[in-house]
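Visitor: This is what each chain is made of:
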Amino acid sequence: MELLNSEETLLKESAAGFMSENAPVQALRDIRDQKQELGFNKELHKTLADMGWFAMLLPEEAGGYDFGHRAAGLVAEEMGRNLTASPFLSTAVLSSIALRQSGGDQLAEWGPKIAAGDAVIAFAIDEGAKHSPSRIKATAEPEGNGFILNAKKRAVFDGFNADRLIVVAKSGENTGLFFVDPNAAEIEIERNAMLDSRNAANIQITNLHLDGKDMLCPLEKGAEVLEATLRSGRAIAASEQLGVAREVTERTTQYLMERKQFGIQIGMFQALQHRLADLYCRIEETASLISTALKAIDATADNAEELTRAAKAKAAKVTRVATEEAVQMHGGIGMTDEVDIGLFMKRDRVLTEMLGDSAHHIDFLLRKRGL
Amino acid sequence: MTSLDEFRMETRAWLEENCPQELRRSFTTEDDICWGGRNWTFKSEAQKQWLERMAARGWTVPSWPKEYGGAGLNGDEAKVLKEEMKRINAISPLESLGMWMLGPALLKYGTHEQKLEHLPKIARGEIRWCQGYSEPGSGSDLASLQTKGVDMGDHFLVSGQKIWTSYADQSDWIFALVRTEPEASKHKGISFLLFDMNSEGVTTKPIPLISGNSPFCETFFDEVKVPMENIVDTRGNGWTIAKYLLTHERETVSSLDGIFGRANGLYKTAADAVGLDETGRLDDPLLRADIGDFLVDEMALTAHLAVANTYSRAGNQLGARSAELKYLGTELNKRRQSLVVQSGGLEALSGPEEKNGIGSETALWLRSKGNTIEGGTSEIMLSIISKAVLRLPSLG
Numbered sequence: 001m002e003l004l005n006s007e008e009t010l011l012k013e014s015a016a017g018f019m020s021e022n023a024p025v026q027a028l029r030d031i032r033d034q035k036q037e038l039g040f041n042k043e044l045h046k047t048l049a050d051m052g053w054f055a056m057l058l059p060e061e062a063g064g065y066d067f068g069h070r071a072a073g074l075v076a077e078e079m080g081r082n083l084t085a086s087p088f089l090s091t092a093v094l095s096s097i098a099l100r101q102s103g104g105d106q107l108a109e110w111g112p113k114i115a116a117g118d119a120v121i122a123f124a125i126d127e128g129a130k131h132s133p134s135r136i137k138a139t140a141e142p143e144g145n146g147f148i149l150n151a152k153k154r155a156v157f158d159g160f161n162a163d164r165l166i167v168v169a170k171s172g173e174n175t176g177l178f179f180v181d182p183n184a185a186e187i188e189i190e191r192n193a194m195l196d197s198r199n200a201a202n203i204q205i206t207n208l209h210l211d212g213k214d215m216l217c218p219l220e221k222g223a224e225v226l227e228a229t230l231r232s233g234r235a236i237a238a239s240e241q242l243g244v245a246r247e248v249t250e251r252t253t254q255y256l257m258e259r260k261q262f263g264i265q266i267g268m269f270q271a272l273q274h275r276l277a278d279l280y281c282r283i284e285e286t287a288s289l290i291s292t293a294l295k296a297i298d299a300t301a302d303n304a305e306e307l308t309r310a311a312k313a314k315a316a317k318v319t320r321v322a323t324e325e326a327v328q329m330h331g332g333i334g335m336t337d338e339v340d341i342g343l344f345m346k347r348d349r350v351l352t353e354m355l356g357d358s359a360h361h362i363d364f365l366l367r368k369r370g371l
Numbered sequence: 001m002t003s004l005d006e007f008r009m010e011t012r013a014w015l016e017e018n019c020p021q022e023l024r025r026s027f028t029t030e031d032d033i034c035w036g037g038r039n040w041t042f043k044s045e046a047q048k049q050w051l052e053r054m055a056a057r058g059w060t061v062p063s064w065p066k067e068y069g070g071a072g073l074n075g076d077e078a079k080v081l082k083e084e085m086k087r088i089n090a091i092s093p094l095e096s097l098g099m100w101m102l103g104p105a106l107l108k109y110g111t112h113e114q115k116l117e118h119l120p121k122i123a124r125g126e127i128r129w130c131q132g133y134s135e136p137g138s139g140s141d142l143a144s145l146q147t148k149g150v151d152m153g154d155h156f157l158v159s160g161q162k163i164w165t166s167y168a169d170q171s172d173w174i175f176a177l178v179r180t181e182p183e184a185s186k187h188k189g190i191s192f193l194l195f196d197m198n199s200e201g202v203t204t205k206p207i208p209l210i211s212g213n214s215p216f217c218e219t220f221f222d223e224v225k226v227p228m229e230n231i232v233d234t235r236g237n238g239w240t241i242a243k244y245l246l247t248h249e250r251e252t253v254s255s256l257d258g259i260f261g262r263a264n265g266l267y268k269t270a271a272d273a274v275g276l277d278e279t280g281r282l283d284d285p286l287l288r289a290d291i292g293d294f295l296v297d298e299m300a301l302t303a304h305l306a307v308a309n310t311y312s313r314a315g316n317q318l319g320a321r322s323a324e325l326k327y328l329g330t331e332l333n334k335r336r337q338s339l340v341v342q343s344g345g346l347e348a349l350s351g352p353e354e355k356n357g358i359g360s361e362t363a364l365w366l367r368s369k370g371n372t373i374e375g376g377t378s379e380i381m382l383s384i385i386s387k388a389v390l391r392l393p394s395l396g
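Sequence order for the protein chains is V and D. First residue of the first sequence? That's 1 in full-length UniProt numbering, and the numbers climb one at a time after it. First residue of the second sequence? That's 1 in full-length UniProt numbering, and the numbers climb one at a time after it.
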């Protein structure tokens with residue numbers, strides 16, 4: 001029931017074909033088993049960029065294709081289905097949107113590098129166990145023409161070995177986004193392997209002196225740029241999560257047709273059929289909510305923020321059930337490392353925490369309604 | 001200006017001029033609905049006028065062909081009309097099973113004569129129809145129905161009992177599933193018959209429900225004479241039509257405003273009854289969490305229905321997917337009504353009798369329990385999805 005135009009259908013098919021061939025789950029296993037530090041494969045990153053997928057959210061004048069969020073969501077969904085590890089969310093989504101929305105000089109220089117797969121830019125926002133942008137403690141104290149930056153950032157995705165960092169910090173009441181070279185002496189970066197075998201970093205910045213031009217946008221515009229950046233990131237993360245939900249559920253459906261007990265396929269048991277059918281319905285409504293949110297972002301609709309919050313919350317809820325049901329219905333074998341289900345469950349868990357869990361976004365939606 | 005824009009301007013102007021002011025508001029009780037029929041008493045002069053004006057334009061059933069009482073609007077035009085009515089909050093001039101159910105079946109399976117005979121009367125609200133499907137022994141296993149039609153040459157003699165016949169006591173005609181081919185297999189022996197509820201041998205008896213009203217009836221047939229020409233399509237093909245209609249009904253049920261648009265009150269009811277804490281949040285964290293979960297699911301289903309709508313307007317058949325919409329829509333409505341009553345606490349349960357009467361929050365809550373039973377239970381919906389969408393194998 002998905003509504004795709006011919007371009008979108010083509011994009012989805014080419015992404016599905018490419019990921020399953022070049023970046024299947026086995027590629028993630030290799031990263032994990034070989035303990036690759038980056039948490040992604042550099043050549044694959046470059047090839048994904050060659051496909052144009054790191055340029056989708058960048059404007060044409062910065063080397064981008066300006067395909068929009070709906071298109072980026074379709075690609076992210078296929079990444080979720082294949083557990084494709086790449087700096088897509090950090091670089092092609094969060095940092096690209098931050099650069100683009102800021103409208104500063106950095107876009108012209110770094111946009112083409114992102115598009116070509118020549119740069120990884122990590123977006124450093126979280127400071128605690130839970131995503132909470134309203135409680136940022138990092139500070140940028142004004143000094144002369146610039147600032148002194150102090151920050152302790154946690155779980156900075158792709159923050160280990162990035163080419164640049166975008167650091168979110170408070171300057172008085174305002175929010176600033178600072179474009180920082182991670183090689184500065186005032187910055188300590190500690191690699192942190194995540195449950196999903198990708199890298200995240202703990203980053204400590206102590207008294208780093210910054211020039212005014214290291215700021216992506218004027219301070220008074222910071223909050224707005226941050227909101228837009230997070231919105232895009234959340235909507236695309238939800239799309240990737242949808243891919244996880246759909247993939248594990250299809251694999252489970254398939255398993256139910258193959259596995260025999262008591263002399264029949266276990267897919268004949270109504271106790272399992274109804275649970276799977278219920279899950280299917282919930283995944284489908286989630287897909288509609290996500291595509292509606294992505295289109296709303298592209299159309300800069302008034303309800304884009306609310307739809308995105310709801311989409312992120314819903315994707316987390318449904319995908320948790322999908323991965324749990326997948327393990328349960330696979331039985332003992334679902335608990336083994338040999339079968340991929342566990343890898344999907346781990347990625348789902350990370351995606352849920354990334355950019356805010358259900359409770360975080362539901363709280364926002366309720367407050368909007370005076371509750 | 002495109003022709004669709006022109007259509008919108010004309011429609012807007014016509015509605016402005018012709019929709020009575022007092023009917024520009026939401027339905028508040030079931031009494032606001034105009035069902036039409038031989039015995040219909042209009043609740044006001046405005047209600048009568050509004051129906052007549054809309055029917056004269058073919059706008060009670062805008063997408064039906066003109067010769068059968070419609071206006072022959074295409075999908076886009078029908079959508080514009082809906083939007084323009086919504087814009088001024090115009091109440092629907094007519095609702096009926098004839099419009100929702102029998103009409104689409106006759107348009108697809110009826111003869112030209114049958115269409116000419118029945119459709120215009122439905123469009124004008126002159127004949128009110130009811131649906132004779134379920135029987136005491138045939139609920140979820142509908143095709144096991146036993147009401148029989150004995151072939152008497154130029155007519156059938158129909159005998160048996162139907163149950164859950166909506167508004168049978170107030171309806172003029174019935175479309176019923178009747179076993180006319182006793183030798184054929186379960187699904188192949190059923191015919192789709194139309195007959196007048198005034199016929200000799202028809203009796204009805206309303207069934208009081210826990211919600212206080214009695215929209216459903218038991219309906220008894222004792223050798224009712226039904227002319228041969230009142231059969232729709234061929235003998236023994238009733239199950240095909242019934243399945244088509246059930247699919248259609250599910251789509252209608254899951255998109256009906258009545259079942260689907262009463263959330264607004266929830267947030268206010270909760271805030272009023274429970275109060276807010278010093279941070280401005282609902283002062284009952286667990287109720288707040290339940291409402292939050294509901295809210296996200298409601299936004300998801302709203303988006304999903306819009307997608308389904310666009311999908312079917314583009315000419316695609318929803319088919320078995322309508323089971324998905326019916327399941328999600330009715331389950332969500334039960335949660336909604338539960339939360340409303342739960343939010344209201346004891347306040348929602350006490351008070352003068354009329355406060356708990358038809359149309360009250362408690363009545364809606366009780367009534368909603370039937371949503372996941374009528375039109376196919378949630379369990380039947382899940383079985384349809386397992387089989388037709390997920391393609392899981394079935395036992396036997």
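You may find that some hints are simply not true.
If you anchor each label on the Cβ, the simulated ranges turn out as follows [as the list claims (entries may be wrong)]: (1) V:ARG135 <-> D:LEU346: 52 to 62 Å; (2) D:THR310 <-> V:ASP211: 49 to 59 Å; (3) D:GLU347 <-> V:LYS152: 26 to 36 Å; (4) D:ARG12 <-> V:THR47: 24 to 34 Å; (5) V:GLN270 <-> D:GLY137: 15 to 25 Å; (6) V:GLY332 <-> D:GLU347: 47 to 57 Å; (7) V:LEU3 <-> D:PHE42: 56 to 66 Å; (8) D:LEU276 <-> V:ARG29: 47 to 57 Å; (9) D:GLY319 <-> V:TYR65: 50 to 60 Å; (10) D:ALA320 <-> V:GLY128: 17 to 27 Å; (11) V:GLN270 <-> D:GLY319: 14 to 24 Å; (12) V:GLN204 <-> D:GLY319: 49 to 59 Å.
To give a feel for the contact side, a few chain D residues facing chain V, derived at Cβ under 10 Å [to be verified]: (13) GLN114; (14) ASN316; (15) SER383.
Partner residues aside, some chain V positions facing chain D, computed with beta carbon under 8 Å [said to hold, decoys possible]: (16) PRO218; (17) LEU219; (18) THR253; (19) TYR255; (20) ALA277; (21) ASP278; (22) THR292; (23) HIS330; (24) LEU366.
In short, the hints are calculated from the structure, not lab data. Since this is a predicted model, take the numbers as computed values, not measurements. Heads up, the beta-carbon is just placed ideally off N, CA and C, and yes, glycines get one too.
Visitor: Starting from the hint list further up, note which numbers the structure goes against and sort them upward.
Guide: 1, 3, 4, 7, 9, 10, 13, 16, 17, 19 and 23
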